[in-house]
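S.K.: Residues per chain, in single letters:
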Amino acid sequence: MSQSLPAIIYPVAIPLMGAFLLPIGARRMAELAGLFGRIVVLLSFSTSLALAVSIWTAGPAVSAMGGFAAPLGIVFYADRLAMLFLLALNVAVFLFWPRGQGAKGGPCTLMLALLAGGSGLILSGDLFNIFVFYEITAVASYGLAASGRTHAGFAAALRFLILGSVGSSLMLIGIALIYARTGTLNLADLSRIAPHALTGPVGLAAFILLLAGLGVKAELVPLNTWVPEVYGAAPARVSALLAGVVSKLAMVVALRFVVQVFPGDGAHTVLLVAGILGVLAGELAAWRAGSLMETFSYSSIAQLGMVALAFSISGAAGIAAGIALALHHAVVKPAFFMLAARWRGPVGGLAGAVKDSPLAVWLFVILSLSIIGIPPFPGFWAKFLFLKAAFAAPSAGVWIAVFVMLAGTVVEAAYLFRAVLVFFADGERGGSTPRFAFAQLAPALGLGAVLLAAMVFIAPLGASISGMADEASNAAAMAARVLDRGE
Amino acid sequence: MTGTLLYGGAIGLVIIGLYAIVARRHLMRNIFGLAVMESGVNLLLASVGYRPGGHAPILVAGAAPGPLVDPIPQALVLTAIVIGFGVLALALALVVRVRQAYGTLDNRAVARRLRAENGEARS
Amino acid sequence: MKSAGGYAPARIRGHERNHGKTVASVLFLGGLGLMLFELISAVPFGSAPMQVGQAIAGEAFARTGADNIVTAILLGYRGLDTLGEVTILFTAAAAAGMVLAGAGRGEAQGQEAGFIFRTAAWMLFPFLLVLGAYIIIHGHLTPGGGFQGGAILAAAFFTPLLASPASPFNHRVAILVEGFAGLVFVVIGLAGLAKGAFLTQLLGTGTPGALLSAGSLPVLYVAIGLKVGSELAGLMARVFGEGSARS
Amino acid sequence: MRLLADIVLMPLIAFITGLFLVLMYRRVRAKIERRVGPPFFQPVYDIVKLFAKKTQISHGVMHDLSIVLLLGGYITAEIFLPVPGFKGLAEEGDLLTLIYIMMVPMLGLALGVGSCANPNGSIGISRALTAMLAYDVPLAVAIIGATMTYGTTNLVEIVRIQQEGGMATWGIATMPLLAIGGYLAVHGMFGKEPFEIYIAPAEIATGPMVEMSGKYMGALFIMQCFQLYTIGVLYVTLFLGGGENWPLFLIKVAAVVFISVAVTNVYGRYRTDKVVRWMWKWPTGIALLGLALVMAK
Amino acid sequence: MSELDFLFAFAAVLIAGVMCCGRDGRAGWAAMAVYGAMLVAVMAAAGKVAGGSIPSALGFSVLGHKIGWRMDGLGWFFSMLTAGAAFFASWYAAGEWGRAQPGMKTQHLLLALNVAAMLLLVNAGDLLSLFIGWELVSWAAFAMMAQKGGPAQPAAMRYMIYALAGAMAVLAGIMIVHAVTGSFAYKDFAAAFGAMSSGMKWLLAGLFAAGFGVKMALMPFHLWQAAAYSETPGASSAFLNAVSARMGLFALILVLVKVMGLSALAGLHVPLIGLSAKGLLMWIAAFTMVIPTFIALMQTDARMLLTWHGIGQGGYMLLGVLVGTGLGTAGGLLHVFNYATYQMALFLAVTAVIHRTGTSDLDRLGGLITRMPWTYVTLLMGIIGLAGLPPMNGFVSKWMIYRSLLDSGSAFLLIFAFVGTLGTILSVYKLIHNIFLGRLRPQHEGVREAPWSMVAPMLALGGIGFVTGWFPGLALNLTDIAQAAMGAPELPHGLGGVATARGSLNMIWVVSILLVAIGFGAIVFYFLGNRRYEVNQLNNYAGGHFLSPQVPYQFSHEFYPGLARVIGPWYRGSIVRAEQGIGTLLDVSGDLWRGIYHLAWTPLYLLAATVIALGWAIMGGM
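Residue numbers (this note's numbering), protein chains in the order written: chain A, 1 to 487; chain B, 488 to 610; chain C, 611 to 857; chain D, 858 to 1154; chain E, 1155 to 1776.
Rather than coming from a laboratory, the hints here were simulated on the basis of the structure.
Please note: incorrect hints may appear among the correct ones.
[Said to hold, decoys possible] List of simulated lysine-lysine pairs, DSSO-like, C-alpha gap at most 27 Å:
id	chain 1	residue 1	chain 2	residue 2
1	A	388	E	1220
2	E	1412	E	1355
3	D	1131	D	1049
4	D	888	D	906
5	A	388	E	1259
6	E	1202	E	1220
7	E	1341	A	388
8	A	355	E	1259
9	E	1202	A	388
10	E	1202	E	1355
11	D	906	D	1049
12	E	1341	E	1355
13	E	1341	E	1412
[What the hints assert, rightly or not] To give a feel for the contact side, a few chain E residues facing chain B, derived at Cβ under 7 Å:
id	residue
14	1364
15	1426
16	1759
17	1761
18	1762
[Unchecked claim] Listed next, the stretches of chain C that the computed footprint assigns to chain B, with coverage defined by at least 3 CB atoms under 8 Å from CB atoms of chain B:
id	segment
19	785-798
20	809-816
As the structure is a prediction and not an experimental result, all values here were calculated from the model.
We put the CB at the ideal spot given by N, CA and C, even for glycine.
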C-alpha cells in the first residue's frame, strides 16, 4: 500500500526558498541571517515531521514531478528509511547551525543549500536527479569546509573539491554507462530491467563508478583522504554535520543502488572490501593519531566502514544492522567532534581535564562506551544486529569482516580509553585544559541525552528499525509502488 | 567509425584531464584538468544518445522532421555542463585564496603547510 | 617572484618531478582508458535502447506544447534537475562570494584594456543584451534557452568590466535579481502543486510554434536566464577581484 | 583404646630406632675413617647433655614455636607411617598426606631459623629449600609411579599388596627403575654428604644450626633421629615390601640407611645448583623411565 | 521478589548509598553491614537453590530476544564468594586503612559497582545476559584498577585491551551459537552442540575458552594480571585477587563444562598430537600452574609475587574441574573457596605491611615479626594455605585434585601439579622470610602493629581457613550445591573429608593428631631443660665474620641463588616478546595507514583503486 504525496517536495522546496532569500536579507541585517535560517530549518523540520507521520501510518509516498508518470519524469520515493534520515538531517542542521563569527550570510546560505541538497538526495528516486542533488550537497560542503576562512580551510576545501569532482565525473561516466545499457534513469524502472541488462561486468563496472562518486562523501577507503584535512580545518560544527549525517546520506543512497539496481553479490563484494579496508584504515590510523580531532576523523572513517560492511550483507537483517550503526554513529560522532573542538592539540596536553570540565569528560566516557559497544548502551545493540546478520549468512568474506570489526572495536577501545586515562590523570597543573562554555557543550549534551533515551527505549527503536529494513530491502515492492501507480 | 571516434575522443579527453589532475603538482593545471575531464564526460554522455540518421530533437510547428536523436542525454549534458561550471568557479575562488594564503600553488607544498597548520602532531 | 602580470603563476620547481608517480599514473590512466572504451562500446555506438527517450519524443509536444523537446525535458519532464542545477550555480556563487569576501584588493588593479576593446565593449553591450534576451525567450522553440541566454547576458555585463576594471559593478542588484529569479522558479513549481504535482505545467500548452506556447515553460526559462545571467556576472566580477569591496 | 596405644608407642619406637640408626651412622663413618667411633649410648648422652645446658639462648617466640612445630610434625608423621604390628592412623590419611606432613617440620625449622635473624641461617635455609625442590621432583615421580602400579595410596594396602607374593611382588622387583630413582632421591632427603650444602660448616657456620644451642640443638638431634627413621621406613614401605615382622623390618631399614651412609662418606659436597642439576638429571631421568614403563603397562 | 531480587536490590541500594553519602566516616561500616546482609541472604537461599534455581524479576526483551537472570547452584556459589570477599574487603577498608586512603569514596563506589556487576554475571539466565554481565565486570574491574593513576594506568590499559579482545571472542561465539540454534538459552546451545560439525565445535570451544581464559589469565593471556592486580589500592586489590579472576573460571565452567559437557570436549581430537580438546585445556592449566609460580619465585615485590601465585592457583582450579570426576570437580571448586580465603588474607596482610612501612619491596623489608606479630600470624596461616600444607584448607583441595588426577591416571599432569606446589612452598617462604624474619631494618624500628580494625578481618579470614581445614565437610557442603548445578557426579563426603577405596583423607584426625603432637612437643621442649633466655634479635653469632648490630645485613635479595643459576636461562620471556611484537605490528601498520592520509596528492590513489576495481569487475569477478 503506498500513497501519492505531492507535498513530499516541501523538505526540498522550503530550504531552497530560504537559501534564495537569505542573501537578499543578509545584506542589511547580518545577524538576522542566523535567525531567519533557523526559522526556515524549523519550518522544514516540522513539515518533514508531518510527512513522516503520514508515511509511518499510510506507507511509502511516491510523487511524480510535474505530473509525468514514473519512467518518463522524475519521481520522489519516500519510505520510512528515507524519512528517518531526513529528520536526522534536519535535526543535525538545526543543532549545528553556524554560531559566532561564522554566522554571517555565506555559511547560512550554504547550510540551507546543504539541507535542500541532502533532502533531495535521500528522497529522489531518479538516478541523474540523485547525481544533481549529490552535487548540491557536495558544493555546499566544499563551501562549508572553507567557511572557517582559515588558510588551512581554503586549502583543505580545494583539495576536497578536486577529489570530489573527480569522483563526480566518474559517477557521471557510470550513469552514462547505465543509460547506454538500459535507456532509463528511474531507479524503480532500472530495478526491473537490471536483472537482464546490468548483471554482466558492465553492470558491476557501472556500480563501481557510481560508488567511486558516492564513496568520496561516504568516506570509503581510497576516496576519503580528504577526511582528516577537512575535519581538522573546518569549524567543528561543520565537521560534526558532515561526519555525522551527510556521509550517512551518501551511504544510504549507495544502499538504494545496491538493493534496487545491483542486487547481485558482485556489488556486495565491492562494498564488503571497501568496508573492510575502511575499518582497517580508520582504526589503525586513529591508533596513531596525534590530536583528538584527528582521532575522531579516522574513527568516523572506521565507523562508516562498519556501516558499509553491514550494508554489504544482502537481506533485511544486514540493512537493519546498517541503519542501526549509521543512526548510532550519527548521534555519537557529532558530539565527539564538538568535544574535540575545544580540546585541540595533542592528547597529552589534556591531563587532568576531569578537574576542569567534569561534565565533558563524563560525556566523553559515556560516548566512548557506547561507540565501543558495551551492553547497556545502544552501540552494543547495533553491533549485535550486525553480528546476527553476519552469522546468518556466513561466507569467507563475512568471516573476515567480523574479525576485522571485532579487532577494530578492541583498537578503538584502546585509543579512546588511552585518552580517558589521560583525562583522569591527576595533572598537577590543574586548570590548564580548556573549559567548556555551556553553549559549546549544549549540542553534545543534547546528543548524549538522545543516546541515553535510546538506551532506555531500545526495544521499540529496534522493532521500528527492523520494520524499516524489511521495507527498504524489498526492491520488487518498491518498483511496484513506483511504476504500477495506474495513473 | 564515428562511434569509435566519438567514444575514443570522449574517453581520451577524460584521460588527459585525469592525467593533468593526477600527475601534475600545479593546482591551476589540476583545475584545468578537471575542466577537460568534465568536458570529456559530457561528450561521452551526449554521444550515448546518437541515433544513426537522427535529427536534432527540435520539432517544426509540432511535427518531427524525421527520426529524432535521443533527447534525454542532451538535457543531462546541459545540466552537467552548468554543474561543471559552478564547481569550477568555486575552485577558482579557492585557488585565489590559497595563492594568497600560501604564496604558492604547488599542491605538495600546500599539503605540507596544511598539515602543519592543522596541528597534526607527528606522533 | 612578483611579476607585473598580477596573477602570473609562481615558478614551480618542476625539475625534480617524481618519475615513479608519473609512470604509475600513465599506466593506470592507460588501463582506465582501455577499460572505459571497452565498457562503453559494449553497447555499439548509436544503438542504445532509446526506451524512455522514444516515449518522451513521441508525447512531448502533445503534453507540453514546446517544439524544442530538450527544453520540454529540461523544464517539464526533468524540471527538478534544472532546479537542482540552478541551485548548484547559486550555491557555488554564494560559496565563491563567501570565500572571496574580504580578499581585499589583493594583487594590483587589472590595468586598462586596449583602446579598441574599450570602445567596442560599450558598443557591444546592447547587442549582447538583445541576443541574450532573444535566446532566452525562444528557449522552447529554438535550440538554446535560459542557460545559454543567461551566459550571453552575463557576458554583456562583464565585457565592460574587462574593458575598464575600475568601472563599478553593482553586486547588490545582481544578488537581488538572483534571489528573486530563484524564488520565481520555486513559486511556479509550488503553484503547480495545486494542479497535481510540483512543477506541473501551468497556463496550458498554447498554440504550437507560437512565441507564447508551452505554458509556464518560457516563464521558467526567463527566470533561469535572469538568474544565470546575474550569477555568472557577479561570480566573474568577484573572481576578477574588481568590485569585491562593495559586495 | 588400641588407637591410643598406637599414638603413644609409634613415636617412641621411632625415636629409639632413630637413635640406633644415628649410632650406626656414626659408627660406620668412624670405621671408614679407621677410627673406633662413639660408644653405644653416645646419641642419648648428646641429647641429655644439650637439654641439661644452663644457658638456653632463644631468639624470640617463633624460634621456640618452630622447635615445637618440628617435634610435633615428626611425631604426627610417625603416627601415619604403618609399621609391623601398629597401624596407627594410616587408614585416615594416605601417602600424599604423609608427604605433606613431612614438609611441616621442614617449614617449622625454616621459620625458626629465619626468626634467628642470622644471615648464615637464612642462606642455609635457602639452600635447604632449593635442595628440597631438587630431590622432591624425582621423589614425586617415584611416588606417583608407585601409586600407579599399586592403584592405591593407602599405605597399609600398599604393604599388603607387596607382601602377597613374597619377594617377587616387592616394589623393587616390580619397578626396579622407580626404586633406584626413588632411592637416589631418598639419599638426597637424608641431607648427608654430597647434598649437605645447607650445613656447610666452612662457608655458613653450619647454616641453620648456627643459632641453635642447648635444647634447641637437642631437639635438632631428635629431629635427625626421626628423619632417618621416617625416610628409611617410608622407602621400605614403598619399595621393600614393608615389615612382615620386626627383626626383618629393622634389618631392611638399617640396610637402607647403611647404603646411604656408606656412599655419603666417599663424596665431598656439591654446590647448590650442582645439586639441582644432578637431581633433575639422573634420578629424575631414571624415575621418569620407570614411570613410562609403568604407564606403558 | 525472590532472594535474587533482594540481592540485586541490596547491590543497587549500596551503590546509591555510597554515591550520595560515601564521604563521611561511617559509610565504610554501613557498606560492610550491607555486604554482610547480602552474605546472609545468599546463605539463606542455599536451601532453595540446591534443587532448582531462583528466577529473578529483572529481565527485559529487546530486538525480539528475551534476557533474564536466574540463580542456580553455580551462580549461588560464586555469589556467596563475591559477597564474602566484598564483606571482608569493606570491613578492612572501613577501619583506619580506609581513613588513611586519599579517594576512599571512589574505592567504596567501585567496590559496590564490581559486586553488582559480578552478581549480574554469575546469575545470568542466558548467553546474552552472560555477555552483558561479562562486559560490566570487565569495565568495573578496569575502573577499579585505573583509579589510583600513575603506574596503575598502563597496567589497567593493558588489562582492558586483553579483556576486550576476550569479550569480543565471547561475543563472536555467542552470535555463532545464536545463528545455529536461533536462541540464547543454555539448554538450546547444549542440545545443538552435540550435532555440530567438529570444526564448528573446535571454533566455539576455542572462542569461549580463549575469551574466558583471558579473564582467568590462562597461560598465553596471563601477562596483564600481575601488574594490574598489584597496582590496585589495598582492599580493592584483595577483593580483585580473591574473586575477580574467578569470574573467568565461572564462565568457563558454565559454558565448557555445564553446557558443552566434558565428554563432548573429550571427543574433539587435535589432529597431530593425540590430545583431545579437554586434554589440551588441561595441559594449558598445567602450564599455567607451573610457569607463573616459578615467575612468582623471582619477583621482588610482595604484591607481584602474590598476584603471580593467583595466576598459578587458577591453573589448579581449572585442572580440578576439568578432571570431571566428582572428586576432581569438588576439589577444583573447593580450591576456589580456599584460594579466596587465604589469598585475601595474604593480600590484606601485605597491605597492612605497606600501610605501616610504606613499601612492599621484599629487598627493603625484614624482621617485622617483632613489630607486627599478628600480621605475621595471618601471613603464616595464609602461606601455609597457599602452599597447601596440612593444618590449613589449601591442603584439602589440593589433595582432592591430586587424588582425582591419580584416579584418572594422568601421571604427568600430577608431576606438574607437584612441581607447582614445590615452587609455591619455596616462594611463599621467601615472602614470609623477607618481610617478617631476618634482621629488622633500622628505619622500621618505630613500626607498630597494624590497627585492630585491619587485623581483625585478617585473623577472621585466617580462622576460616583453619576451621575449614580442620572440618572440610563444612566447605564441601557449599561445593556440593555448585556441583549439583554443574551436572558433575555427586561426591560422598563426611565432615572430616573424603573416604575413597583407593586412599582417603580425614582431616579431623590429621589436624587433631598434629595439634596433640605439637602439644607433646611443647611439653618436651618447655619442661625438659632449663628456662629459656631471650636475646635481642640483632645479637647473633657469625663465627667472627662481618656481622655486627651496626652493620645489619638481611639476606633477602636473590633469595634462591642456586636455583636462579639453574632455571635463570628459562626466563626468556618469549610470550612478552610476542606481545610486544603485536604492539609494534599495530604501530607500524597504523603509521602506514596514517601515512596514506598524509600524502601530498591523493587523486592518484582514487584512480588506482577505481582501475583495480574495474579490472576485477571486467575479469568476470562476479
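S.K.: Which numbered hints does this structure break?
M.R.: Numbers 5, 9, 10, 14, 15, 16, 18, 19 and 20, in rising order.
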